[in-house]
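Residue numbers (my numbering), protein chains in the order written: chain A, 1 to 322; chain B, 1 to 309.
Any given hint might turn out to be false.
If you want a taste of the chain A side facing chain B, the calculated C-beta under 10 Å gives, among others [as the list claims (entries may be wrong)]:
hint, residue
1, Leu65
2, Trp154
3, Gln166
Source of the hints: derived by calculation from the structure; they are not laboratory data. By construction, the Cβ of each residue, glycine as well, lies at the ideal position given by its N, Cα and C atoms.
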Amino acid sequence: MASLGTADQVASSAAAATATGGRPRPEARKQLKGRGTNAWVAWAFLAPFALVFLVFLVAPLLYALYLSLYTKGLATGERFAGLDNYTRAFTDPSFLNGIWFVLRFTLVVIPVQMAVSLLAALVLDSLTSRFSRFSRLVIFVPYAIPAVIGALMWGFLYSPNFGPLQQIFGDSAPFLLADGGLFAGLTNVVTWQWAGYYMIIIYAALQGIDPAIYEAAKIDGATGLQVALRIKIPMVSSALVLILVFAVIGTLQFFTEPQVLRPISNGGITADITPNVYAFNLAFNYAQVNYASAIAFALGIVVFLGVYIFLFATRKRGGFLK
Amino acid sequence: MSVLSKPTAEAPARPAAPPPRRHDPRRQPRRWGSHLFLGFLVLYFILPLWFLVVASTKDAGGLFNGTGGALWFDQGFHFFENLSTLFTYNDGIYLKWLGNSLLYAFAAGIGATVLAVLAGYAFAKFDFPGRRLTFSLLLGAVMVPATALVIPTFVLLSRLELTNTAWAVILPSMLNPFGVYLMRVYAADGVPDELLDAARMDGAGEFRTFFSVALPLMRPAIVTVLLLSVVGTWNNYFLPLAVLSDSTKFPITVGLNLWQGLAGANNGGGTSLYALIIVGSLVSIIPLVIAFLGLQKYWQGGLAIGSLK
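Looking at chain B on its own, in the form it has when it is part of the complex:
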C-alpha cells in the first residue's frame, strides 16, 4: 500500500488532494508588484459584492438619490427594514423561493452524487462487455451542453404532464456525466485493486466490498462532486425558468428575476422592488459563500482531479 501510493514517472500523481506545500519555506522577498496586482484583482472581484452590501442599507430614495453615491452608504440606514419587508412581501414568497432552491439543490445534488459514485466505481473497477462503448458515450455526453437539453426536456416533460412540479427540476438535474468522469478518474488510482482483492478473498460480496472498502476511500471525490452538483442546481436558471410556471414553485434565481421584471415595469404595488431585489440577492448568496469557505480543504484538492489526468 505504501509502495503503491508512490507516484511513478508513468502514472500520474494520485488524484487525491496533493498535500499542501510551499514552494519555498524560506522567507520570500515582499514582491510588491505581485501584491499590487492581487490587490487590483481583489478590488475588481469584490466590487459588485460591496455594492450589494452598501445598497442593501438604502431605501428606494437612497438608491436613486443617495448622498454618498452608489458605492457608499446613504445617511439613512434601512437594512433591517428592507430585511423585514423582504420576508413579508407577498406573503413571504421570498422564503418560499429560498426553501425551493434548497430542496432542488440538495435533492438533485445528492441524487447526482450517488449515481456518479456508483457508475464511476463500475467504470474504474470492473471489466464488463460494453465498458469501452459506454464510457465513450459518457465522454460524449460531457460535451453535450446542458442548456441544449433544456427545451427538449421541457417538451418531453410537458408531454408527460410533469412540468410545473419539483420533479421537473430535480430529475433532469441528476444527470451529471462530468461527475461520473471525475469519480472514475479518482477511483482508478485512489482505490487500490489490492484492497478490493483482499476484501473479496476474505469472502466479502461485491456490494459489501464497495460499501466498506471503496466508499470510504472515495470520500474526497464524493464531497467535490456533491458540492459541484449542489452549486450547479442552485445556480441553474434556464431549466427552472422553462419547466416551472407557478411562481410559488420558483427557485430563488427565477424568483428574483421575476421581481426584476416587475420592478422595471413599475408593478411593485407600492413597494420598491429594487430594494428588495438587492437585499434578497445578498441574503441568497450567503449560504453558498459560507459553504465554500467552510469546505475549502475539500474542493480545492477535488477540483484538481479532472485536470491532473
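Excised from the complex, chain A in its bound form:
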C-alpha cells in the first residue's frame, strides 16, 4: 500500500513545520511533543466511527462479495458458483454498454463542469462588486437542491408537453432525453447541479493565495490572463485534483438523474443505461440479488482502483495522498 508511509509523512512534516516555524528553540523539536500517547484514549475516541465503519462499509462489502459468489435458482436454491457472476457481468452487453456509457459521459461532462466552475471562480475572484457576491450565491444554490428535484425541474423544462423548448421551436424542438439529445440533456442537468459546488471550492482556494504574489507579478509586467494561467491555476491545482476525483467518482456511479428522468424519456433512457441503474433494476425488479451484488462490487472495485491510481499518479500536486 503506497499510502502507508504517507500519513506519517504528513504528520511529521506538520510537526516539524510547527517546531521550526513556531518555536525557535532547538530542543523543541523533540518528536511529537504535545501529542497524547495513551493508546486506549485514542481508541476510545476512534471507536464509535470504527464501529460504523465496520458495520456499514466493511460488512456490506464482504457480504456483497459473498453473495456475488453464489447463484440462486428457483429449483436449485442457493449454490456456490465461483466467479460465474463476474464472467457473466463482463460478457453481459447491458453491463458493458453501461460502463461504456458512463466512460463516455465522464469524458464529456467533467471537462464541461471543470471549465464552467474554474472560469466562474476566476471571474468571481477578480471582482469585488455587489453583483459578483450575488452571482456567487446564485451559482452555488443548486448544490442545496436535491438531485431528484433538479432532475425533475429540468425534466419539466425538456418536456414536449409544457416545456419552453416546445413553445419556442414548435415541432422541430430538440428532445433532450433521447437519441442525439440525451448526452447534452444529461450533461446540462449534472453541470447545473454541481458546477456551483466546485466553483466555491476553487474560489476558496483562490482567496487563500497571498496577494503579494499578484503585486510581484504586476511589477514584472504580467497581464491579467498571464496571472490567471501561470499563478492562479497552478496554485489551486490541489483543489482541482480534489474536485476531479469527486467528479469522477460521482459520474461513474451515475444513478439519480437517469433513474428520475427515465419514465419521461419515451424510452430514450433504458433500464441498463448506467451500471448502477442496471444493478438497481436487477435487484429490485428482477430479484437477481446475487448478480446485482456482483455488478455493484465489480463497479465499486473498478472505481476504487481507478481513483487510487489517478491519485497516486498526481500525488505531487494533489494534497490528498501527499
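Mind docking chain B on chain A? Use the hints.
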C-alpha cells in the same frame, strides 16, 4: 500562540477560514465583460428556479396551455390553492415526507459529525499503534463511492430485518469518511499542541482536555461537516429508495419521485399531480436554501479545508 498562527513557507496556511480580503482595495474599473459573463451564468443557474416559481402559480390547465408560455405567469393565480392541496392531498402525506426528511437528515448529520469530530481528533492528536494503517484505510474509504454500498447495505439490512425502518436510512448515512478527513486536517493545525499540553499539565484528563480545549477550537470545521452531512442525507435518493418500501416512511426526494411516476401514469385520482410536484419541489427546497444563505460565513471558509492541504 500568536507566533504559532503565523504560517511559514513549509506549513500550509491554517485551514481556518482565511480572513476575507479584497485583492485590491482601490476602486476597480467596471469590467463589463466579466459582469456580462456573470450575468449569463446567473440567468442559467436561476432558470429552473424561475420556472418553478412561475409554474407553482398555475393550475393543470395553465401548465399545459398557459397564455404566457412556460416561463411566464398565466392569467389565473393558483399558488395558494396549490399549496393547500399539497398539504391535504392523500391525508397530508407531503408533510409526513418533509418531517421524515428532517428527521433523517438531522439524526444522520449530527451522528456523522459527532463520529467525525472524535475520530478526526484522535488521528490528529494521538500517537497510537495502528494509526498509520487505520488512516490509510480511512483514505481508501473516501474513495469507495457511497452508491456502491447501497445494494450491499440493503441486502445486509434485509437479512437483519431492518429494512423499511428509519434506522435503515439514518445509520448507514452516519458513515462519512471525508468528514473524518476534514476534521483531522483541521485539528492538526487548528488545535495547537501547546494548548493541549498546558491543559494536561494543569491536571485535566484527556476527555476534559478534549471537551474544554479542543472542541471549541474545532467549531468552524464542525459546522462545515454538519452542514455537508445534513445536505448529503437530505439530498440522498438511492439509499432511501432501496431500503424503504412503505410510502409513509419516504423522505421528500423519494416521495416526489413517486408522484412523478403516478403523474406519468395518470393515476392522480382526479388531482393533477404535476401542479403538486411543482409546488412541492418549491416548498421542499426553501429550508436548505435559507440554511445555506444564512450560514454562509461558516461553510465558505470550511469548504476550503479539504483543498488547502
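Structure-based check of each hint:
Here the hint on Leu65(A) is kept, as its CB sits about 9 Å from the closest CB of chain B, short of 10 Å. Interface restraint check for Trp154(A): the shortest CB-CB distance to chain B comes to about 6 Å, inside 10 Å, so the restraint holds. For Gln166(A), the interface hint holds, since its Cβ comes within 10 Å of a Cβ in chain B; the closest pair sits about 8 Å apart.
Violated hints are absent here; each numbered hint is respected by the structure.
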